[in-house]
Amino acid sequence: MTQTAPLRPRAEAEAAALPPLLARAEHLAGAVLLGEHGRRRAGVGDDFWQYRPMQPGDSRRMIDWRRSAKSDTQFIKQREWQIAQSVMLWVDHAASMRFASDDGVPQKADRARLLALATAILLNRAGERVGLSGSDLPPRRGQVQITRLTEALTQEDEDAPDYGAPELRGMLPHSRALFLSDFMGPMEGVRAALTKAADRGIRGVVLQVLDPAEESFPYRGRTIFESIGGSLSHETLKASELRDRYLERLAERKAELQELCAATGWHYGVHHTSESAQSALLWLYSAFERGAAR
Amino acid sequence: MMLGPIGFTVPWLLVALAALPILWLILRAVPPAPIRRRFPGVALLLGLRDDDSVTDRTPWWLLLLRMLAVAAIIIGLAGPVLNPRAEGDEARTGPLLIVLDASWASGRDWPAQSDLLDSMLAEAGRAARPVVLLRLSAPEPAAFQAAEAWRTRLTGLAPNPWAPDMEGAVALLPDGDFETRWFSDGLAREGREDLLAALEARGAVTVHESPAPTFALRPAVMADGIVELTALRARPGAAREVTVEAHGRDPQGISRLLATLPLTFAEGEVQATGDLSLPAELRARLTRFEIAGQAQAGAVSLTDDSLKRREVALIAGREDREGLELLSPLHYLEQALAPSADMLDGALLDILPANPDVIALADVATLAPAEQEALLEWTESGGMLLRFAGPRLAASDVSRDAEAPLMPVRLRAGGRSVGGAMSWGEPKALAPFTEDSPFFGLSIPDDVSVTAQVMAQPDPTLAARVIAQLSDGTPLVTRKQVGSGQVVLFHVTANAEWSSLPLSGLFVQMLERLAVSSVVAKPDAAELQGTTWQPAQVLDGFGRLQDAGTLPGVAGEALIDPQLGPDLQPGLYDGPDRRLALNVTTPETALNPMAWPARVPVEGLARPPEAPLGGWLLGLAMLLLMGDIIASLALSGRLMPTRATAVLLAGLVLTNAPMAKAQDGTDKALAAASEVVLAHVLTGDSQLDDTANAGLRGLSETLFFRTSVEPDDPIGVNLETDELALYPLLYWPITPDQPIPSDAAYAKLNTYLRTGGMILFDTRDANVAGFGASSPNGQMLQRLAQPLDIPPLEPVPDDHVLTRTFYLLQDFPGRHTGRSIWVEAAPPDAEQVEGMPFRNLNDNVTPVVIGGNDWAAAWAMDDRGNPMFPVGRGFAGERQRELSYRFGVNLVMHVLTGNYKSDQVHVPALLDRLGQ
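Here the protein sequences come in this chain order: A and B. Residue 1 is where the first sequence starts when you use our numbering, and the numbers rise one by one after that. Residue 1001 is where the second sequence starts when you use our numbering, and the numbers rise one by one after that.
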């Protein structure tokens, strides 16, 4: 599969896909104003914390001469302690995410990638380290990491299974995590991943990305429903009859996720692709803030 | 096979209806096909079962729909026919003779008759019967032919506006035995029994006749200014009202309904009479009367000159003697003309536009030049001027030295009086009229005598102009042709002052002969002898007037007792000096219904038409199947109602979208009146018009940016329809093939030029031709400008105001750089004054500027302000374009400010004067 000749065009085509996603994500992230993310105590950082009188043991180098010149005692300028956390992203690559019920709404995978990258940009700006679980992209800071993330997120996987489960590979203990998926598949994987994460002290956010058609089930008549990968199918003579029972099951699924998250100390949210990505990003951001405040 | 009024052509196909119940069973079991959908939520659906209550069978109403469709197809294919013709009648074999009266009375029922005839021929064609069609109004020998051959000729058959020829038809009957169908018009006619006997000798005869009554209208009779109309009907019956319409031309010459008159047939009466009273104006315009709703020649009565009364305007030179009725110069004329002509009173110039037939001037000597001119024009276009002498004429110098155009002869001064106390001789009597006089044949009463008259100068032309003279040979009445009209002078007064002529009956007869009073009576046999009458318009069988085309003229003798036929068709005939109407009916016409013998079956024209229903049923089946498609889609959930309705609605909205139509006439005028607008003349060459428009747009933009003139978008004007007064400047590009404007348009253009408008003529050929007729455009310009009121021209002098109205210019390039631009010439007395840079030239705007530099192309800008055509080359070209814009600015400034810049030279002097 290593043909040198078409490599360059393919590489260029791949590269061409990066900037739009990155640009959209930057655009989305640019709309969110960063709040304070400090540790509320003096330490190593950029922001001013307080002046305190010089104490014995302090190096002369630490004296703030401008402040000290105003009075008789020497003062030392302290900065706020800022530390960086690691945030691992997991974006479902399964086939079920490649679904859009209408031309007017994006695919779930598309929206999930966008949200993940925008969150990564925001976190990066806030000084956190962001990585991608399930791939060899450990948490790092910087613009280069964002580019790598973009690259990793835009990789399409045609042979992906129908439904995916969160991966904890490469996650550091006591770090933070963001899981983006439709959570339509079997729940065992999700349950296992979340419990394991709780065991390792990983906290985070679960965002369920759903298509509007999955919420409303607007189908009627005799229909054969097939999963995107084609592995599952279900035939009904009167689809409209199934609607109520389907919605019931969906609600059950949501409730289960919610319960799971509550038990493991995660945040749970639902996002529909018909809604604006902005609101989802804001919610994600505030969810991380809350997590930080805890 | 018959089921009530419905028959089937292929009845055995109905057996297939028995298969319907089987179809029911088959159709029932088939569920609709599933749709495959991709849906990630399928994981949640796994294990859900359909309710048992949901059936996979087709619902009963859909089944019913399908069964109905199938049944409709089966029945439709079985060939159902409503009201099928009964077959098996033995009279329906063998040859068939179809006799048509096709007379003037057949017009109204002709469509029904044609339909019946068509179906009859169709039947005969199916039965392979040979057919002969015989039109009694135009009988021609014919052999038996296939019915289809006759059917193709059916559309060409029409009734003729005259009576059928029974005798001729007897001789033309085909050989052998045959069945006869006779389409009669229902009127008793001479020879009908004979023909019936001859037909019955050959076979069965069936008569088809419309039961509706036949109406006819006798020629209108004019009595005392009232038109008397008589309608006839064939059968006396219940009281019935018919409406007679009077058609005529309106002042524009368009035929219109002028009046209606209801006529009521009393019960049992066959005749209804009514009077129609119309103003003389309207009456003179009548062309025909017609019974409404009767499209046949007998119900139409054409009018000719006999309804018209001539209009005579009487004008006297002496109106100051009030109360002296019998001495009034017009009294006897009024008395003589009142019964047969309409009088017009008023001033001469007020009367002339009414275009009277005759104007009588009693002792009017001199006329104002305007009156003289108008009167001469009227006379030359066919008017008849009747003049009477009198003391004023005798005393005046009119036609004394030279013959006045409105006098037939020169007059000697003073006139003469004979038989008075102070003169010799007896009063003179009239000499008998000579043969070439229009009065020839009138007997002269003994007591007519002349005591005074004006005398004609002896002249070489005098003898030819005398149409009545006294016993001593002096002219009494003289006549002269002026153009297509004539001037007649009675050398005596119109009252009894100078002669007793106005008192006699001869005076009335003379006026009649001069066609002053109208001819009411029909021309008699003697008058018709030897004349030829040319048909102008003839009636067709439906009572419509058709152009006579190339019909030959008819001899006058034939009109004495007209026998209508192909050679003498009813219509309007033009004779030597009048028009005669020949109607289908005569004042003696009476309508008698035909009483057929009891043995002859008489049928109406209508019979229920044979209506095949197969097509309708198959169509219904198609509709049902369409419904089935929609219903099936709806059932299987594939019908997207919202989207489909949206598309349908969009379609409806699109088709119903009103066509926005520009009301350009008034809009144009409004736009032009509210802003300064430059205009160009539409030449009909769209490319040239576009260029002119773009050019003026470019010029308008330039003006907008550089000057305080801020014109709106330019407008193309149509010289024929648009008002020109709103545009200060007309740009007129010349192309060899543009149409020459009409006279009305030229009148408008001349008014425009006289009232300060300017036309810029552009021959656009300065690159190849100089000024003049050397190019096709130049020749076209000459032709176009010929009728225009253009003053003498000269090439623009160096000190012309055009050279300095805004910019100082030396020459006026456009796309070409021709030197010769022509403007109105300076007055010959314009002189260079000492100390002034230029002459004081003409005081107004030059009405035309003529050149060939194709300015519009140089000015032309597209919507973004880019020049559209290249001018010259490089920088020099751009300089040339700039100069052409400057010329345009100067031109518009010149139009709008006139010679303001010329007047500027006076400013120092004016300031000087103010300073003092």
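It is worth saying that the hints were derived from the structure and are not from the lab. Just so it is clear, CB atoms sit at the ideal spot from N, CA and C, and this is done for glycine as well. Be careful, since some hints might not be right.
To be verified - FRET-style restraints, in silico, Cβ to Cβ:
1) A:R141 <-> B:F1705: 57 to 65 angstroms
2) B:W1060 <-> A:L247: 27 to 35 angstroms
3) A:L247 <-> B:M1622: 23 to 31 angstroms
4) A:L247 <-> B:L1625: 36 to 44 angstroms
5) A:R141 <-> B:D1862: 28 to 36 angstroms
6) B:M1622 <-> A:R243: 45 to 53 angstroms
7) B:L1025 <-> A:P218: 49 to 57 angstroms
Results of checking the hints against the structure:
no. : hint                                   : verdict
1   : A:R141 <-> B:F1705: 57 to 65 angstroms : 60 angstroms, holds
2   : B:W1060 <-> A:L247: 27 to 35 angstroms : 32 angstroms, holds
3   : A:L247 <-> B:M1622: 23 to 31 angstroms : 42 angstroms, violated
4   : A:L247 <-> B:L1625: 36 to 44 angstroms : 38 angstroms, holds
5   : A:R141 <-> B:D1862: 28 to 36 angstroms : 57 angstroms, violated
6   : B:M1622 <-> A:R243: 45 to 53 angstroms : 36 angstroms, violated
7   : B:L1025 <-> A:P218: 49 to 57 angstroms : 35 angstroms, violated
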